[in-house]
Amino acid sequence: METVLRLSNISKSFGKKKIIDNISFEVYAGEVFGFLGPNGAGKTTTIKMVMGFLSIDAGDIYINNFNVKKDYEKAMSYIGGIVENPEMYKDLSGLTNLQMYARLHEGVTKERINEVITLVGMENRIKEKMKKYSLGMKQRCGLAQAILHKPKLLILDEPTNGLDPAGIRDLRDILKKLAHEENVAVFVSSHLMSEMELMCDRVAIINNGKILGVKTVKELLTQTTGTIVHRFKVKPIEKAIELLSIKYGALIKNSTAEYIDIEVEGDAVSEITTLLATQGVAISGVNKIETSLEDAFMDITGGGNHIA
Amino acid sequence: MRKLFALYTNEMIKISKKASVIVILAIMVAIIFGFGGLMKYQDSSNARNNNNYSNNTEFQKEDMNRQIEDVKTQIAEIQKQKSSATGVDLQNLEAQERSLQNQVDMFQYAKDKEITLSSNSFRAQATQRLFSYKEIVSQLNSIPVINLTEEQKTQLSKAQSDVAALQSVIENKDFKEYISLLNTDINSDTSTSSEEKKIYLESNELRLKYNLTGEVDGVANMDGNVDNSIYQIENGKRSLLYDLDYTGNSQSPKPLTPELRIKIENDIAVAEYKLEKSNLNNTTTDNMGMDVKSIAMPGMLSIGRFMIVILVMILAGGSISSEMSTGSIKSLIISPTKRWKIFIAKFLSLLTIGVLAALIAYIFSIIANGIFFGFGSGTSYIYATNGVAHELNFYIYHLARLFTDFIVVIVYMTLALMLSIITRNTAASVAISIAVYFVGNTANSILMQFVKGDWIKFIPFNNLNFTAKIFTNDSISQSLLGMTSGTNNSLTFSLIYVAILLVCMGYVGLDSFNRRDIK
Chain A
1 METVLRLSNI SKSFGKKKII DNISFEVYAG EVFGFLGPNG AGKTTTIKMV MGFLSIDAGD
61 IYINNFNVKK DYEKAMSYIG GIVENPEMYK DLSGLTNLQM YARLHEGVTK ERINEVITLV
121 GMENRIKEKM KKYSLGMKQR CGLAQAILHK PKLLILDEPT NGLDPAGIRD LRDILKKLAH
181 EENVAVFVSS HLMSEMELMC DRVAIINNGK ILGVKTVKEL LTQTTGTIVH RFKVKPIEKA
241 IELLSIKYGA LIKNSTAEYI DIEVEGDAVS EITTLLATQG VAISGVNKIE TSLEDAFMDI
301 TGGGNHIA
Chain B
1 MRKLFALYTN EMIKISKKAS VIVILAIMVA IIFGFGGLMK YQDSSNARNN NNYSNNTEFQ
61 KEDMNRQIED VKTQIAEIQK QKSSATGVDL QNLEAQERSL QNQVDMFQYA KDKEITLSSN
121 SFRAQATQRL FSYKEIVSQL NSIPVINLTE EQKTQLSKAQ SDVAALQSVI ENKDFKEYIS
181 LLNTDINSDT STSSEEKKIY LESNELRLKY NLTGEVDGVA NMDGNVDNSI YQIENGKRSL
241 LYDLDYTGNS QSPKPLTPEL RIKIENDIAV AEYKLEKSNL NNTTTDNMGM DVKSIAMPGM
301 LSIGRFMIVI LVMILAGGSI SSEMSTGSIK SLIISPTKRW KIFIAKFLSL LTIGVLAALI
361 AYIFSIIANG IFFGFGSGTS YIYATNGVAH ELNFYIYHLA RLFTDFIVVI VYMTLALMLS
421 IITRNTAASV AISIAVYFVG NTANSILMQF VKGDWIKFIP FNNLNFTAKI FTNDSISQSL
481 LGMTSGTNNS LTFSLIYVAI LLVCMGYVGL DSFNRRDIK
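Protein chains in written order, with our numbering: chain A, 1 to 308; chain B, 1 to 519.
No lab work stands behind these hints, which were simulated from the structure alone. Heads up, the beta-carbon is just placed ideally off N, CA and C, and yes, glycines get one too. It cannot be assumed that every hint is accurate.
Pairs of lysine-lysine residues, derived as DSSO-like cross-links and limited to a Cα-Cα distance of at most 30 Å, are as follows [to be verified]:
id : chain 1 : residue 1 : chain 2 : residue 2
1  : B       : K519      : A       : K18
2  : B       : K341      : A       : K152
3  : A       : K74       : B       : K519
4  : A       : K210      : B       : K277
5  : B       : K61       : B       : K176
6  : A       : K16       : B       : K338
7  : B       : K18       : A       : K132
8  : A       : K150      : B       : K14
9  : A       : K132      : B       : K14
10 : B       : K3        : A       : K131
11 : B       : K338      : A       : K69
12 : B       : K341      : A       : K90
13 : A       : K131      : B       : K197
14 : B       : K519      : A       : K70
15 : B       : K61       : A       : K152
16 : B       : K176      : A       : K74
17 : A       : K90       : B       : K14
18 : B       : K277      : B       : K197
A few chain B residues that face chain A, going by a derived Cβ cut-off under 10 Å, partial list only [claimed, not checked]:
id : residue
19 : K14
20 : R48
21 : K113
22 : T326
Label pairs and their in silico Cβ distance ranges [to be verified]:
id : chain 1 : residue 1 : chain 2 : residue 2 : range
23 : A       : G136      : B       : F375      : 53 to 61 Å
24 : B       : R515      : A       : N183      : 33 to 41 Å
25 : A       : N183      : B       : T9        : 28 to 36 Å
26 : A       : D91       : B       : R515      : 50 to 58 Å
Model the full assembly from the supplied sequences, consistent with the hints where possible.
Written out as structure tokens, the structure reads:
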């Protein structure tokens, strides 16, 4: 697998505060790589270092094997991306913005510009001034700009912000197509885990400036599939807990005023319902809770409560 | 280079879409025309007043009569005192009375011949001389002939012949004869060296050559510039002859420095050239005159320059900070370009806008000047190198002058650009640079009143007036030099100083931009 982006032992401080603490990972061509973490974990800071917005305190970043510190322009020529919001010149039209950007890259033809505009579905309004665009349209323009010069590495920071569900689906399709068909390394950050689950091939999880793990989505999900949880909605709850504590006490994961989560499956489920029913506890519902990437993420980051 | 050019092109596109550029340029053109119109109005009202004044011979006669009355009352006073005086006192009073009577005669004479005594007319000068000789004659005549010494006798006979000769000059309006009389006087003077005599004789030759009678159609011409040129040449030549500076304070002349010697040689060449030129054009004014017409063009251009400084300061002050605050800088940083290229591209695009604005100011000033004063009305600039005079066409001169002033524009532009990066705040950087531009010069000239010392030559404001340093023969920029700068730093010093200043400000800005984290 071709490594397009490699971070090795990167650190960054703002003042005395260490925002990024010795992180390393690689992104390969042809994959959608998710960069997950709660707000303030250091996602945007990392991306900004990769894109040359911020200086690098320690460590090296290689893009297509060019060191960002030494071969800045060569390294940057392989990157396309949007950081935070797509910021373009509001007094100029979308087309002018794209043309200006194209001028700074080699080999971007007129046809390529038109092709990209069609791809993001902006052909009708591309000649209007940017300030007349909605956030969604700005996002599409930003994406058009990001992929204009056929970058080997596409970096998108929180790309689904401000997109409607249809827009999110379109974006997902575009990114998957770019990665899997055109062999682009797509690097996406988000705190929307459900979205990442559908979009990414691999994810790195970051919290408090540290990488907690880099896994494929499949690995992450199977890691937690050993524990299948069922939720029992019962009344009265105290009596149910008392009855179950003898046999299943260790398996009770969680209990509220309305339900009890128990780590059981198969026969044990019917056993519990029979037990509760015979002892006069009213059961209003039983359902299986799917473990999602979000849960895996919560597990790993410790609930995401340590917002820096 | 390709990338730099691409960045530059993008910057130009961005600036061209800014409404503020168009607005400021429109205001600039409007003010240029407004100023031109004002000058035209001033010029025509001046002309009206002048006509009223010079046509009013009645007024002049009245003035003359008043003076005669004045002197007459003085005489009456002396006559009163005479009745009680004796001996030496009486003689003194009689001498005074004679002198005053002589004055009355002179005024009367001038009135009869319609000569304006206060003018540069040769007849006015001849009249003054005539009556000074007449006074000598009357003084010597008051002494009994037997008591006269040999010397006094020759003096009397010379004065008498001079009186006759001058009277004939005035009667016949004979300028040539007047000059030859002056030459005779110079030649007979034994106290001056033959070299100095030569200088005076040459001056008279020039007067004769260009017919500098100080009159037009027998009426005195109030323009003293031509005569000034002659005196300038004369003083210059004397300075060169004795190696002492007579061009400044002639009471206590200082020895010439090599630079001053060159300057004086060039000044002489310029003055001679101007005389020649005004003779050819049959005009008496030259570009030393401070009349309204000659102020119009430089005035309009300095308004233009002022607006250009404001324009580039506003653009430069926001060029990086506004992109940082709107976030549009990100689309620049994302592109594969080193930051110094972005900085240089921004600098160059601002420079281009400045140059374009200067050309617009120049073109509209020419149009305004042409409309209000006529397109062929400008006087060319005359300067000299190595003692040879050259002429610079009016239009080329003002273009050159405008672009010399452009150095100032570049300095303020770089300042605003640097502040824009350091403060990251458009309002602050524009406000600070405009404050420096407006208050700086004034504060500096106030400072100069109190502080003396060598270090004041290192204050930036004392090194920005390049037009006054380069176009030394332009009276307007010279007067501005006197107003704004107390030190006379040499052109080389100022150029090196400004170059270092620009490099420093540019470096600080660039370094700060290179290190700046885009958050």
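Hint check against the structure, violated hint numbers in rising order:
4, 13, 15, 16, 20, 21, 26
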